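S.K.: As a plain string of letters, each chain reads:
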Amino acid sequence: MRAFLFACAAALALSACSQPPAPPTMGPEAASTPEPTRVQLTVTQGWTRATPAGAQAAGGYLVIENPTLEADRLTAVSSPRAAALEIHEMADVGGVMTMRAIQGLDIPATGQVSLQPGGLHLMFSGVTEPFTAGEAIPVALTFQNAGVVETVLEVRPIEGGTPADAAAAAQPEGEAAVAGAPGQ
Amino acid sequence: MLRAVQIGLWALAAAAVGVLAYLQWERSPSPERSVAEDVVALMNGDVVVGGAFRLIDQSGRPFTEADLVGRPTALFFGFITCPDICPTTLATLATLKAQLGPQGDDIQVVFVTVDPERDTPEQLSLYLSSFSLPVIGLTGAETDLAAMREAYFAHARRVPLESGGYTMDHTSLLYLLDRQGRFVEVRPYGEDPQATLAALRALLT
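The listed protein sequences derive, respectively, from chains R and S. Counting with our numbering, you get residues 5 to 188 for the letters of the first sequence. Counting with our numbering, you get residues -1 to 203 for the letters of the second sequence.
Quick caveat, the hints were computed from the structure, so don't treat them as lab data. Since the model is a prediction, treat every value here as computed from it, not as a measurement. Just so you know, even glycine gets a beta-carbon here, dropped at the ideal spot from N, CA and C. Hints may be right or wrong, so weigh each one.
[To be verified] Computed beta-carbon distance windows for the label pairs:
(1) 57(S) / 136(R): 24 to 34 Å
(2) 155(S) / 146(R): 24 to 34 Å
(3) 108(R) / 180(S): 41 to 51 Å
[Unchecked claim] To list a few chain S residues with every Cβ distance to chain R over 12 Å, as calculated:
(4) 63
(5) 106
(6) 141
(7) 162
(8) 178
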């Protein structure tokens, strides 16, 4: 939480911060200097949540960016940390949460697809070794054109990082000041 | 001869109960009410929500509607093998309760499973211990859970997964009850947390 507040303060110092606070991304590419690179599909900002005790399922979130002029398609996903990994689409349809496995995911040319809470995500099932905050979960994504892209999902704590936390962090005075950060 | 007829009738009755139980499970709470109608009715406060139920908590103790009296309650339906909405709801409630300060501790949080096959009291106890706020986890026989959902106009449906397991579609609303255990309102999942906070604060007054 402290790190998040600091990151937000830093972001505020740098810009007007007109967008809602985005989760801090600490990927190595964030700090890299611009250099001529091949235009290719990338997978970044991968994260998941620490699994509560006894829970054998987890959601995986990431951003797929396809700067090429050709559409691509995510056809398979796998991870050594789950008995099965599937691409799921979740939707809150009028107060009822529904979840469905989907066979593949189209990635438009010069476009991006975000897998995030409450929507498209990777679904880990049969997680026998719990995900603990701070570790990295390896995932392999197979694309029709780009081939296999390997990435890791950073495990965030069970609590924190909800919209309520973001709102509390954005509130400089008053209630937020007395709110203890849960889970610390 | 008479005995054969008797056995036949019993078999028929058993089959009928089985079919009814199946229908109840697939289309709970009741066939003539759609999920959408129930959500609209709940959001508008058009229905009388609540009633008698008998479940057990994560330590195996009975928990009935009488246990909802005395403290305001925030109640929702979920299951352990739920990657997103259930931990998010619990984490959000933890943050909001912390924002309410010591007064917030008065609110009891109740998690009712829609997946009793996997969510035994032991599993619930383990799972809920991972969160920083105290939560009462309820499970029970599927028929008792279905009856409770019916009283709360909630729905649950089992959906098979390709990997061989299953997931559950379920009502994602947060139910707020006053100190007398009476239904006050539902809050939609994913709403502005400040709105939920205001609703929780109103429960405490």
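S.K.: Which of the listed hints are not met by the structure?
M.R.: Hint 7 contradicted; others consistent.
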